[in-house]
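Novice: Based on the sequences and whatever the hints tell you, model everything.
Following the numbering used here, the numbering of the sequence shown begins with 2 at its first residue and continues without gaps.
Incorrect hints may appear among the rest.
30 Å max Cα-Cα, derived DSBU-like pairs, lysine-lysine [claimed, not checked]:
hint, residue 1, residue 2
1, Lys76, Lys93
2, Lys93, Lys113
3, Lys113, Lys76
Restraint ranges, calculated between C-beta atoms of paired labels, are given here [said to hold, decoys possible]:
hint, residue 1, residue 2, range
4, Arg122, Ala64, 26 to 36 Å
5, Ala33, Glu121, 31 to 41 Å
6, Ser116, Asn81, 17 to 27 Å
None of these hints come from the bench; they were simulated from the model.
Yeah, the Cβ is synthetic: ideal placement off N, Cα and C, and Gly gets one too.
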Amino acid sequence: KAHSRFRAAQPGTLGNPFECQVRHLVCVAICAEPDFMILTTLQQLNASSSAPRMRVVFAMEEATDRPLDRFELYKQQLPNVASVSYHIHPVKDEEVRGLCSSLAFSLGREVKLMSSSELERYVLTK
Numbered sequence: 002k003a004h005s006r007f008r009a010a011q012p013g014t015l016g017n018p019f020e021c022q023v024r025h026l027v028c029v030a031i032c033a034e035p036d037f038m039i040l041t042t043l044q045q046l047n048a049s050s051s052a053p054r055m056r057v058v059f060a061m062e063e064a065t066d067r068p069l070d071r072f073e074l075y076k077q078q079l080p081n082v083a084s085v086s087y088h089i090h091p092v093k094d095e096e097v098r099g100l101c102s103s104l105a106f107s108l109g110r111e112v113k114l115m116s117s118s119e120l121e122r123y124v125l126t127k
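Specialist: Okay, structure coming up:
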C-alpha cells in the first residue's frame with residue numbers, strides 16, 4: 002500500500018514539537034542572491050518551532066561567489082537548527098545550469114548521507 006509509509010501523529014505529539022517524529026529537510030538554493038535576501042529567510046527558519054527538527058541544506062552552483070564564506074555566515078544564523086550543510090553543484094556540459102539542477106544535486110548528495118530509517122522521517126521543503 003502506498004499509504005503505509007505515512008504514519009498518523011501519535012496522541013499528544015501535535016502540541017509538542019519536540020515529541021513530533023516528522024523532520025524537515027529544507028533546501029535553500031543559492032546562486033547570485035544577495036546575502037540580505039537569504040538572511041531574511043534564515044531568520045524565519047531559525048525562529049520556527051520546527052527548527053530543532055530541521056536539516057537545512059544550502060544548494061550552491063560552482064559559479065556561486067564566496068561559497069565557504071556564505072555557508073559560515075548563513076550557518077551562524079541557524080543556532081536552533083539541528084543540522085546545516087552545503088553542497089556545490091559542479092558545472093557539467095549536459096546539464097542546464099540553474100537552481101533546479103543545484104537542488105537536485107544537493108538533495109541527492111544529502112540523502113546519500115542519511116540512513117533509510119532516518120530518511121523516512123523527513124519531508125522535503127524548498
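Novice: Taking the earlier hints as the rules, which of them does this structure contradict?
Specialist: none
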